[in-house]
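The lines below spell out each chain.
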Amino acid sequence: MNSLHALLALLVFPGLLYALPMGWLMLGSERRVVARLQGRVGPPLSQAFYDFVKLLAKWPVARTRPDALLFAILPLLALGTSLGALALLPVLPRPGGAAGDLILFVGLLEMAPLCAILAGFASRSIYGEVGATREAILGISSNVPFLIALLALAQASGSLELARVAQAPWAVRAPALLAILCCLPVKLRINPFSVANAEQEILAGPLTEFDGPRLALWELAHALEWVTLSGLVAVLLLPLHRLSQPVGALAFILASFALVLLLATLAAATARLKPAQATRFLWRWATLAAAIAFATALANQYWRA
Amino acid sequence: MGTLENPVLRLVDRARRRSAWLFHFNAGACNGCDIELVACLTPRYDVEQLGIRLEGSPRHADILCVTGPVTLATREALATIHAQIPDPKVVVAIGSCPASGNVFAGSPRIAGPVDQVIPVDVYIPGCPPRPHAIIQGIAQAIEILVAKKEDEQ
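Protein sequences, first through last, are from chains A and B. Numbering follows this note's numbering, in which position 74 of the first sequence is assigned residue number 74; successive positions increment by one, without gaps. Numbering follows this note's numbering, in which position 40 of the second sequence is assigned residue number 1040; successive positions increment by one, without gaps.
Everything labelled a hint here was simulated from the structure, so no lab data went into it. Treat the hints with caution; some may be incorrect.
Among the chain A residues that face chain B by a calculated CB cut under 10 Å, a handful are [what the hints assert, rightly or not]:
#, residue
1, R40
2, S46
3, F52
4, K54
5, V61
Computed footprint of chain A on chain B; a stretch qualifies when at least three of its residues, placed anywhere within it, have a C-beta under 8 Å from a C-beta of chain A [as the list claims (entries may be wrong)]:
#, region
6, 1006 to 1018
7, 1053 to 1061
8, 1086 to 1099
The beta-carbon is built from N, C-alpha and C at its ideal position, and this holds for glycine as well.
With the hints as constraints, model all of the structure from the sequences given.
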């Protein structure tokens, strides 16, 4: 029963069957919202899907064997781990046994950026290397508040199980959510934190040397990252354990989509920060919010004891 | 080869028609054509609604847009970048310089016009061509891109 549930989560909801169209829709609507706010019509909502099919149908330029191997494995790994992280989100209640675990979730979630960094260095392109370095710097800066916030939630709920972590008391959850929201545009590489893939400066950053199907896999992994991260916030925001299953799922979908629109608005309204400015913001404000969450969690526990 | 009966090939054709990514190469242009090409992305013309995107890396591109008469210094780079674009690909020569050399024709410092270095599919004449003309040229290039079936299985 349990493995069946896990498989369903991976393949149906919130996994593949839901995440693929949703990811494409999210990427498409992000571009569309940015276009509308810039006074343009923008691409159709299905744009990301067509981009994916087109890239998949291209014939990549031949590479030497070790390169080709790396270039195939890294995006596949990023795609698989993103999907795994997504499947762990506690949207629907799971009866018994291994429900989502916070440590596994974070580990899977962080694989995709790590793969991107490796890909940047493996491509030996100067743009790829600069992009990978920036990605690493921003990754560290965003992960410190991100992980502190998650730790605070785990501390407050007294559990590492994602379903219980998501229902931590609001005194902790509110500042933790704030910290996580600050990290979201960094992890999705959108304005004002589009430092690692800064198009006008370093082309496509770590993915500069990827072509055809290999790039398509990256785009897909990126779409899944959108679904996962917006889903994480939705799970933290909604009282999913109190809602019935279909209502909970619907609320989850709507909340993640609303968050995407919000992020797109932010992306359209801001310009790119310099790497130093971006890291300063994260270390100062996001870490402050996360620290408040952690202190509240500790204080909560202290008063209760 | 790609018959209308095959839904996968039809989907691929549709995707290619709706998602053309450009790479812009300045082969010694005066910047006039480059400005007109970028103007196509502005709210007034907004080619992004056709799925067209200006990409930073030639490896992501479908259509190579060349401006300028191809100076000696850019000849090799042009050939390299053309080789880096994965098939199927289309080359568009924007402006009079890449088509004929324009005022630079006969100069010892140019290696062009472009078709001396790489094969060209679409010429967009003008010095510089208007954004309308560029969009029309890109639309033609997309049709050629969709029709390029020789690399298909």
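Verification of the supplied hints:
At a threshold of 10 Å, the smallest CB-CB gap from A:R40 to chain B is about 4 Å, leaving the interface hint in force. The criterion of a C-beta within 10 Å of any C-beta in chain B is met by A:S46, whose closest approach is roughly 8 Å, and the hint holds. Taking 10 Å as the C-beta cut-off, the interface hint given for A:F52 holds, the closest approach to chain B being about 8 Å. With a cut of 10 Å, the hint placing A:K54 at the interface with chain B holds, because the nearest CB-to-CB distance is about 4 Å.
Proximity of A:V61 to chain B holds as hinted, the smallest CB-CB distance being about 5 Å (cut-off 10 Å). Coverage of the region 1006 to 1018 of chain B by chain A holds [criterion: at least 3 residues with CB-CB distance below 8 Å; count 6]. A stretch counts as covered by a chain when three or more of its residues have a beta carbon under 8 Å from one of that chain; for the region 1053 to 1061 of chain B and chain A the count is 5, and the coverage holds. By the rule of at least three residues with a Cβ nearer than 8 Å to a Cβ of chain A, the coverage given for the region 1086 to 1099 of chain B holds, with 3 such residues.
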